[in-house]
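Student: Protein chains in written order, with the numbering used here: chain Y, 1 to 355; chain S, 1 to 329; chain H, 1 to 513; chain F, 1 to 304.
It cannot be assumed that every hint is accurate.
[To be verified] Straight line, CA to CA, 27 Å or less: simulated BS3-like cross-link-like pairs of lysine-lysine: (1) F:K202 - F:K230; (2) F:K226 - Y:K168; (3) Y:K168 - F:K37; (4) Y:K168 - F:K230; (5) F:K95 - F:K175.
[Claimed, not checked] Partial chain Y-side listing against chain S, Cβ under 8 Å, derived: (6) V131; (7) G133; (8) Q135; (9) L141; (10) V145; (11) G149; (12) G157; (13) T161; (14) M302; (15) I304; (16) T308; (17) I318; (18) F328.
[Said to hold, decoys possible] Which residues of chain H face chain S? A partial, calculated answer using Cβ under 7 Å: (19) H61; (20) F183; (21) S393; (22) M499.
Please keep in mind that the hints were generated in silico from the structure rather than gathered at the bench. The C-beta atom is built at its ideal place from N, Cα and C for all residues, glycine as well.
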Amino acid sequence: MSDPKAYRALTTHRLFWPVVVLVGMLAANTVYRPGFLSVQMRDGHLYGSLVDILRLSAPLILVALGMTLVIATGGIDLSVGSLCAISGAIACLYISRQPDQNSVGGVLTALALGLGVALVLGAWNGVLVAVIGIQPIIATLILMVAGRGLAQLITEGQILTINSGPYKAIGVGHLLTLPLAIFLALAAALLVAAVTRRTALGLIIESVGGNAQASRLAGIRSGRITFLVYVISAACAAVAGFMMTANVSSADGNAAGLWVELDAILAVVIGGTSLAGGRFSLGGTILGALLIQTLTTTVYAMNISPQTSLLFKAVVVIAVCLIQAPGFRARFTRRRAPAAGPTPVSEQPKEQVPA
Amino acid sequence: MTTLSLLAARTRSRLPRRHVPVLATLVLLLVLYGVGVSQYRAFSNIQVVFNVFIDNGFLLVVAVGMTFVILTGGIDLSVGSVVAMTAMVSAFLLREGLPAALVLIIALLIGPTLGFLMGCVIHFFDIQPFIVTLAGMFFARGMCTFISGSSIPITDGFWTRMSQQRIGNPSGNFVSISVLIAFAVVAVAAYTLAYTRLGRNVYAIGGNSQSALLMGLPVGRTRIAVYTISGLCAAIGGILLSFYTLSGAPLIGVGMELDVIAAVVIGGTVLTGGSGYVFGTVLGVLVLGVIQTLITFDGSLNSWWTKIVIGGLLFAFILLQRLIGIRYK
Amino acid sequence: MTGSQPVLTMTGISKSFPGVRALDGVDFRLLPGEVHALMGENGAGKSTLIKVLTGVYRTDHGAVTLGGAEVSFSGPMQATAAGVSTVYQEVNLCTNLSVAENIFIGREPRRLGAVRWAEMRRRARALLARLDLDIDVNAQLGTYSLAVQQMVAIARAIDVEARVLVLDEPTSSLDAGEVAQLFRVMRQLRDDGLAILFVTHFLDQVYEIADRITVLRNGRLVGEYPTSELPQLGLVEKMIGKELRALERLDEQSRHDAAAPVEGAPLLDVRELGRRSAVARFDLTIHEGEVVGLAGLLGSGRTEVARLLFGADRADHGSVRVHGTPTSLRNPVAAIGHGIGFCSENRRAEGIVGELSVRENIILALQAARGWLRPVPRRRQDELVDRYVRALSIRPADPDIPVGNLSGGNQQKVLLARWLITEPRLLILDEPTRGIDIGAKTEIQRLVAQLSDGGMAVLFVSAELEEVLRLSHRIAVMRDREMVAQLTNDQSVDADRIMQTIAAGAGHEEVPS
Amino acid sequence: GNSDTGGSGGDDGTITLGFSQVGAESGWRTANTTSIKEAATEAGIDLKFDDAQQKQENQIKAIRNFIQQKVDVIAFSPVVESGWDTVLKEAKDAKIPVILTDRSVDSADKSLYKTFLGSDFVKEGRLAGEWLVQKEQSATGPVNIVELQGTTGSAPANDRKKGFAEAIAANPNLKIVASQSGDFTRAGGKQVMEQFLKANPKIDVLFAHNDDMGLGALEAITAAGKVPGKDITIITVDAVKDGMQALADGKFNFIAECSPLLGPQLMDLVKKVHAGESVPARIETQETTFTQEQAKEALPNRKY
Ligand SMILES: Nc1ncnc2c1ncn2[C@@H]1O[C@H](COP(=O)(O)OP(=O)(O)OP(=O)(O)O)[C@@H](O)[C@H]1O
Ligand SMILES: Nc1ncnc2c1ncn2[C@@H]1O[C@H](COP(=O)(O)OP(=O)(O)OP(=O)(O)O)[C@@H](O)[C@H]1O
Ligand SMILES: [Mg+2]
Ligand SMILES: [Mg+2]
């Protein structure tokens, strides 16, 4: 490296290693199939695997954004998957009842309905955790289980197919040749970033997650903050639910958002936010989500047999963690470069008395 | 005299405080059972209780292992998959014609080995347990489908005997051998936590791992040990599951880790570590089991109402547990 | 302590943290049968040296020998096994375990591998009795105050069969009686041939117990001196590195003659405030510009009073008036709303947010009061943080490093700064000078005096009676969780008088407010 | 207890049937459940329904509880084929007859259950494959097939894959170039198909293990600028309503039916078994296949 200082600053940046893995994975794909990175223009919009990755990661990014805030307060939200299913189901149900499924007004009402219910359910989570004081994992587990049931209740166990242009656009529409979904995710990310970093919310969340007791004594109403993050998480999940259902123009109460909570938590953790709470990184989370989606796409693109794909995922996940872990790199580098020899005796004056 | 009564008063007021969560859980469990008895005639049959144990023996064993991990403030997401992998490997090896004893040894070694490796990664490289054990979960599940895409039946004589042996009155009320094994595991675990250094170190690390380190406790060794123990318990659970189903199926136990964590937490163990009991975990497993039994006995719920009612019962239970806890604080 | 071989030597020890050179070629040696004081300002590197010794940190350079053989511990576990018993600066115990367990964990009495609980409790009781501490060894450690926890940590350390005993600021929360008891035990151990490394910021204690002194400054060794050859002033100069009339200046601050500003309506007036099983009902009035000291022995309930007044704990009885208006201090938010600030004695558990930067920690309370929607503008942050980093000489002076990386004393200063920038009308300081070096302590005392002159009321809690006497207009005396007296701090009041009051227990001259 | 015919329901003459369903993982499954519930009401059978949420453990638990409740007949759709011997033996000891629906079990002891009612997944795969062999009989060049598998490790996925592979072995030109799991869901089918289309320039045939994945793949194909049903021949299994609609619209080419409407047949069997009549060991449901024309005819009177 020509400039060792800049190089150091780069490699010690906390997002450096996830980026390396992401680039490595894309490179591996390109080696496997040289056309992987190519992006063409088709029907007035961009078409290619990269675009797919962006579009498909949009819902995960959304869910993970909300999850980041929850985790930063030291909590966890297992119910996001079910919330995705519920919001999507409500929106689709409402639209399917409309005489004109293509009416923008109807779709907007449907979105408002879905979002509204999700907010109520998020508030429910928030109350359980912040007011009643139930451990987050178990408080949100309730809605994870029951919410799935609710979603299926709404769709009556069927896959609810709709035929609504405006709604479909949320999932597969395009804006400026790129998928609309990615703009939505980006907008949400900017919004969350603005709300947390332009105001003091981020600091307060980190403080509550870092030391709840100290925060209380500093005059922070940690209950309200905790409540708020669960509501935000639910809102993010709701929008993600719209995207998931719009992507296939149908609401599947059972499958929509299944296991997305695990992926979201994984994205947050890969992004460098600790599950113990405290400091959070929205950029890291987005990167984590992109990484996970790239991994999934890689499995399909390289046609890794479904029987071994989980092994492949396991290897990549552990590789990402290891390469990111300072502890691992330290061991690795130390072995290669043994500690420098003894230093010359320091020259400062010393006073010594006989013992 | 005065000192004595003072002392008595102090013990009386202190003893319950530590045990209130567990006692509350026990009482609520009995209430739940009472509801079942009052609603359904066959519920009072003692075999129903035995069945809860028979049907949840493996879950209990796995939950005991998870209790160790959660007590240190960690988490082990791999258990469901390790259970499946153990059953799958056993079934596969038995089909290949290996003797039962050898299969048993191999199967019981895989889980702890994986747990040990995960523990090492968590400790030496300082990576969050969630992500390491998630990778372990992918790995173990991947091994399942890698071994076979479809389920493998077990016809081995030993396995069949273990599976179908009824202890008690074979035509009346009985339990399976698995239940005895599960109880043995619970007893050993409870003893380990209460009376061995390892057990006390587990609590210390859960309380404050930094302090534990400065107090000169073997933090690394203990941490690796708990993941190994969890792996061992998952392996035993896997064997019990293979007794239970007499087969290895690649998709069995999907999502079991959540049930297990839920059982442990319902049993009063705090997810951040440092406080909880194995006995609480037993109660947690029973709560989940009784809720499920209640729903089967009802038999009128469709698929989605089943989920909603499970969630609802869970909510009612946890809310009451919490309110009682606050009251006695 | 004649020409005997050192039991411990450390030579050329260097240790760097990212951006900070904490130790730079430090030499240190410890003889058997001596108490050796390690002195230095906050951030001088004392705790780091100790952590290097016990293997918590790996040295960059340098060697450690123990009993003549070179050692390199990979962690406290090995160090303990080799006979180095340590009490670290912050109380490092597991609050979720019982007192007895905290003393014995890792070396529990066992039979056939099974922990003998009854035996363990018995021995714990005996050990605590040696330190003159009578507490329930079965209770969770977390239910006890920080001072009790500190005693438990000491008990844990002195029970070991060790060659070297390391005590990093063990007395920071202790009152005179406890210190005396500790010193008795230390002398006994020393006479048995144990080598004791002792860190403190109390100069008097050094001169009372230490045989020799090693001084560190900015991570470098200044020198090693027999205590008898180094006068107090000389020691301070060596620590600070320049001549300073700190001690003289300190004495000028005495409030003995300043009359309490009792005119005008009281700022805070509480009647019959109390909380079951914590503190008995008490009355207390604090006026603007008044410094009220809270004196008492360990566990006498000073912290409990402070917490009640801040709403950190909820009172279950009594009435509160702020500026004459009845109100209630339900929670910290309510108290802060009335202009009350509170600096907890337990800085690690209840004070700092370790991951956040110095800047963020300092503005936390101010930000909380403004609400999350109105962030403190960056310029103002810089201004405030800058001012207090300088005023309290927080080091390193980089406001963007995590506060958890600061030395203990500097963390304490950060906490003070947090409350000072909120400009409270009443500031409750619970052991604010805990672990703070002599220079900064003077600075803080001066600040308190200056602020109270400017109209701020202060409730000052400290285990150090001199400090309370020096600063307070009025002193409330606590005993057995009961406020037994309130004395006007005039010429007649001195440390002995307060101790008598505590001993007598009954109300002496109640000062009408 | 009372070991003859006696069950709790036996007292008032009605038959009690304990039924353990796999779950509600697809529209097909829900239609299956609905059919069984309606048929039970119609036949005057007291149904104890249990949902196992796709877990074998839960099904075993449910069967145990049915035994405790002394139901007259137990029926269930096994989540997996193996692992039922122990609990079925308990049922046998309690003298409760068992009927399997939808999927069979691989138990060596055939006396553990009275009969099996359901479809043959292997056959469905084979029917799909045979139709393709028929269609491509004249093909000279290679025909590239991509396959969307169901959930990895699940019985229908394994069997349909197997049956299809067996059938297309008849023509060496037919070649599966890519095969991935779409988890039986639309979203999964779509996502996988998108990558198939990018990785394989020439895809002639898509075989999806169920309609939903096929429907998801449709969107991917359209987005790639190809015409489903023309550029790419699409074969699926199940014949749920949306699938049939697609077939009738010419977007699919062929569907092998897997009928969920087992209810009436099951209730007949339950009555017979309860009365002690002998029943055949294996009853396959009436299933057929649909081409585009047949779909247009059948669509108006489909129930699900
Ligand atoms: N983990 C760490 N990371 C980075 N810097 C550290 C760390 N620990 C200590 N330091 C720095 O090393 C220096 C020495 O700190 P140390 O804790 O040894 O001081 P000390 O002499 O014990 O002070 P005090 O009297 O306040 O306890 C300080 O500048 C501190 O900021
Ligand atoms: N003998 C005892 N039994 C029970 N609790 C005690 C005992 N001695 C002290 N405590 C603890 O002391 C606390 C009350 O004292 P507080 O913390 O207010 O002490 P303090 O006067 O501030 O003194 P210090 O902080 O020096 O201990 C209570 O929280 C209690 O847990
Ligand atoms: Mg220090
Ligand atoms: Mg105190």
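Student: A separate judgement is required for each hint: does it hold in the structure or not?
Tutor: Going down the list of hints, with the structure as the test:
1. F:K202 - F:K230: 13 Å, holds
2. F:K226 - Y:K168: OK: F:K226 and Y:K168 at ~19 Å, within 27 Å.
3. Y:K168 - F:K37: Roughly 35 Å between the alpha carbons, so the hint for Y:K168 and F:K37 is violated.
4. Y:K168 - F:K230: 24 Å, holds
5. F:K95 - F:K175: The given pair, whose Cα atoms are some 50 Å apart, is violated under the 27 Å limit.
6. V131: 11 Å, violated
7. G133: Holds, about 6 Å.
8. Q135: 5 Å, holds
9. L141: 6 Å, holds
10. V145: Holds - the Cβ of Y:V145 comes within 8 Å of chain S, reaching about 4 Å at its closest.
11. G149: 3 Å, holds
12. G157: This interface hint holds because 6 Å falls under the 8 Å limit.
13. T161: 19 Å, violated
14. M302: 15 Å, violated
15. I304: 11 Å, violated
16. T308: 6 Å, holds
17. I318: 4 Å, holds
18. F328: 4 Å, holds
19. H61: 24 Å, violated
20. F183: For H:F183, the interface hint is violated, since the closest Cβ of chain S sits about 24 Å away, which is over 7 Å.
21. S393: 28 Å, violated
22. M499: 27 Å, violated
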